[in-house]
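Next come the chains, spelled out residue by residue.
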Amino acid sequence: MHGRPRKVPKPEDEAASAAKAQKLRALQTQFFSYHHNKIYTKEAIELSAKLLEINPESYTAWNYRKLAVEHYLSQPESNPDSVRSILDEELRVVESALRQNFKSYGAWHHRKWVVSKGHSSIDHELRLLDKFQRADSRNFHAWNYRRFVRELMNRSEQDELKYTENMIYTNFSNYSAWHNRSVLLSTLLEKKAEGFLSKENVLPEEYEFIHQAIFTDPDDQSGWFYHLWLLDQTVKVDSPLLVTSWPAHGSDVLLVVDRFHKVCGLSPFTTLHSDSGSFPMVLYFNQSVEGVSSSTVTVESGSNKSEDIIWKPLSVNNSQAAQVWVAHLTFPTSELNSSVEVSVGHSEGITSTRGFQYSYPSKFSFKVHVQPIERDSSQGSVAESVLWREENFKVYEARSDESIPIVFFDQLRIRNDPEPTASNWRAEALAKEIECFRELLSLMDCKIGKLTLARLLMAYDAMSSCANKLVHSEEVLELYSDLMKLDPSHYQYYKDEHCLVLLQEMISNRESLLKHCFQYTDPVSSTIHNPICLRLNNLSLSRMGAFEKLLWVQILDLSHNELQSIEGLEAMQLLSCLSLRNNKLRSFTALDPLRKLKSLRVLDISYNQIGEHSIDTTRYLCSSPLSHSVGSEWNKDETVISDGALIDYWEAFFIFKELNLKQLDIAGNAIADEKFKSILVKVMPTLKRLDGELLG
Amino acid sequence: MDNELPPYPPIDPTTFDLIVIGTGLPESILAAAASTASKSVLHLDPNPFYGSHFSSLSLIDFPSFLTSHSSPSPSSPPLSISHHDFAVYNFATRPLYSPFDISSFSPHLLHQHSRRFNIDVAGPRVFFCADKSIDLLLKSGASQYLEFKSIDATFLGDDKGNLWNVPDSRAAIFKDKSLGLMEKNQLMRFFKLVQGHLAGEQGVKISEEDLQSPFVDFLNKMGLLPKIKTFVLYAIAMVDYDQDDVGVCRDLLKTKDGIDQLAVYSASVGRFPNAPGALIYPVYGQGELSQAFCRRAAVKGSLYVLRMPVTALLVDKDNGCYKGVRLASGQDIFSKKLILDPSFMVPLPLGMSPSHPLQEKLPLFSFRDDRGKVARGICITKTSLKPDISNLLVVYPPRSLFPEQVTSIRLLQIGSNLAVCPPGMFVLYISALCNDDDQGKKLLHSVMNTLLTVPHSKNSESKAAFQSETAENGCAVQDEIAESSSAAESNPGEGKPTLIWSALYIQELTLGQVEFLCSTPMPDWKLNYNDLIDVTVKLFKEIYPDEEFFPETSSSKNCEDDGDIALEA
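Keeping their order, the protein sequence lines are chains A and B. Read in order, the letters of the first sequence are residues 1 to 696 in our numbering. Read in order, the letters of the second sequence are residues 1 to 569 in our numbering.
Simulated from the structure, these hints should not be mistaken for lab results. Please note that a few of the clues may not be correct.
[What the hints assert, rightly or not] Dumping the calculated PhoX-like pairs for lysine-lysine here, alpha-carbon to alpha-carbon at most 20 Å:
#, chain 1, residue 1, chain 2, residue 2
1, B, K177, A, K162
2, B, K175, A, K162
3, A, K447, B, K192
My request is simple: use the sequences and hints to build the entire structure.
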């Protein structure tokens, strides 16, 4: 079945296939006429069987047969014997169709349909499967059907596991068999069947088993796939966890409504300016969760009533599940100091998308100091403009006693450690794997081996680093650099992974983070005290990450990188100024996460590639106004622009209509002509500056 | 031999293209090939069974066969009797098996079942699924008379009695429990290198210089660990002499030949769907093979007469050329060519004049192989060496049992599912190349002592063949009791199978040759028939230079297409 070379058809073969097509067309015409006229005579049914024997892919014919079966079964004179003979005939037709092509989806599906009726011998199904699986042990249709039959006949998972193991022993290059093993093990673990009580007992043996395959033949991919699954099982914690939050535990937030006010004493990392006296509170989980609400998260604070707080999922596709959730807290100036205590998951309701309960209730608290309004703020905001010039940024010099954000994460982590004893075996398993693959790589050069080692090292660091230290980052970076050279066809993937590690490393400790922290000073009004600007420019980043540690960032400079996407950026709810100048963004759909950044006022997307590429592949990944999920938001009547422009620029419209930008730089993109700019001005009435020009 | 032979039937016609005496494998193949080439063939055997030195015999026939070939025949003096137009030279039997030891520790039990045994005289012997003999079986059509089963596993043995599974394929390497991960990786990479080389893949060609160098040097160069090297050399390439010791190694394998061996082996794994491993064995024993070729020859018109001793050679008086043979019945049969099995020799008559043409020809006839001798041992047990496997091969590489062991010892265990013994018993064949009888017996004993529990029965140790046979009935009861008491004595070999019967013998090696007469070779020391078939083809080409050896026919072509031999799962 596998590895057969394709042959050029000989002339006589072509003639034969033409004759076959001729015959098939005639059959098909006749068949359709029967089908449309709902004729279920013996002759008509036989014709459909003939058609299916030649072409098992004819879905309509299968459906016709289903209708015919239903038709006969509903006849008043039908009795158990006649039912059985009708269904047996169906099985026979499927079998001969499968003989023609045993990878026919329609045929297998029809068989499932017939067998589900419950009048057929399951033993016969097993025998048939044995035959098919002997002929092609990797055929996933047969494996799929096998799982169906197993469930139907209540055959124990243990027996199937044994069968699967034997198939693997016969030939371990069998992805279907390994996959079946992973499915069975998951079920057994979930059931806590005897001998499968915990991953701790099962996974080490599985690692041992898969090593045999990987070491025997590292060029075979099926083993690596299974290893990846095992790694996932080792690292993944079933129940969701809170990873970080903003404000972080123990932090002091200064809420300043007046930008011109001199602020002393408190760190610029946690100083916020807000016109409305409110700020976003962010919960960052380790996986996508549902059910974050005022009943599952209680907030104790003087002015904010828990039940009034509305939690929103930060999902780009408008689903009700998200890894990051946000709610807005409001602090009136009447209350200068308040402390807030947040409890997550003390009552049931937060669940992962796979249905696991949030089962490690956690608490965090922070203080909020409100700076009352002393001057009319409207003046200041008119003149507001940010110039992304080098001379406007000065390295921030933190006082030695000043707490910087990374410290908070550590505190939260420690308190949240879900299974302090259980994580032992996980770390041990990873350590063992690391040793094992280092050994393999010492024997031979192996791309997938390097990739696996890199993944293992990162997983190990993530698991064992209470102190947030990345012990192996240098080694991982080297592995990815190697891979970029060794395997150019997957360059971009390695490059992305390389970037993520680099980012993790940069923000993992105080010294390296501070190197990227700058203070923006406006040349016009030098007294302005601005928040910290995180500058990750000129790093040739192709991907942005580590968002869970960057929730505090209000000004972010990502200019002069190689970003094609800003996926995940929606978590940075405090972001008010963002520069994406000189990157490789190809479309407005790539900017989709920006829609969720309600605080964003200043955006620089100049010198990208928007409008350069006629086909936008990002569109296939991101939601669009035409997809169902966002369709409800779309109200054409609201628009202030003409239909023609809408058709040309709907992607831009879709992004910008939700932003409250004051300043936008878009020059240097193919799309940014005068016509487009005039539309932008209409779409965003709040806009004050476009490409540096003050708007009238 | 037996004095009460039945009256011999007269043979008609009396002239043939070819007379073949002995139904050993080479003779049977030659008879089938000659009759396929439309020669008229008379095929005779003094024994009442097919196979001669390649036969499979019952426990009763086996000792008498060895006896008849273990000492020079007390036949009539080698006198030449003059006839009217030819000279008559009496045949003598060449002793081919040294005085042999047969010990029975459970005579009564074995006697009951003696006819249910098919003991191979030339064991251990197996087929590699992709070797020449299988191709010959298919090509000649002899395969239709045979049925095979798979040998389940190959092991390497050590002096502690451990048997280490030989991972001989990708699936076996994966499954193996004793190899470390690094070893698995290394072994598989080596297999891939060989496969890549054979498939002519780019960048994996083994250099000509390497191909001409000793295989062992190549393996060292590839950095193979000693364990892996041993697997490859002795359990897959089936090398006989210690390749690491140039002093004792008489046959240093070249890389090129080593690679060829591996190629046959790897092509064997999975060639037939019902045979998971590389090796197969014929149901009813190896003797079936000769018989299959004889049946093939009979179909093509050969005339077969068993139980027909041949007493003398007829030679032209004037030119000393071969004329025919005289049968035990007294009948003279003439032919253009004669093929003799290696047990025949023609002693020079005492009074022959030095100028006689045969003076020079006869001594040359039937050379000994300078390789030495083969020590063969046969053991019967009631339990398998491995509890869940009945048909298996064990290889003891040189020096694995004792320091002076310079050649590999191979052991083949066959169970009752191959119809060579009654249910619940196992037949073990052991063989090793040796220089002399003492060395040979030491090799055999070392394996037996390592793997089996040999009962301490006083009279069994030195019991000669005749004694054991005569003693069998008389001491049956006592032996049974002795057996049961020794079993109750607790198994000293912690689960080692207990020996219930053994036969040890040293077999001479002879070369096949076409000189004055054509003589076929004795069974060689190899595990398969490859070399024997090469020699046989060579003999055929020398006898019939103008004939094709089993020409392709349409029917045999079909057979090949099917690639089909009867294999039971």
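Task: Unmet hints by their number, sorted upward, for this structure - done: The structure conflicts with no hint, since it agrees with every one listed earlier.
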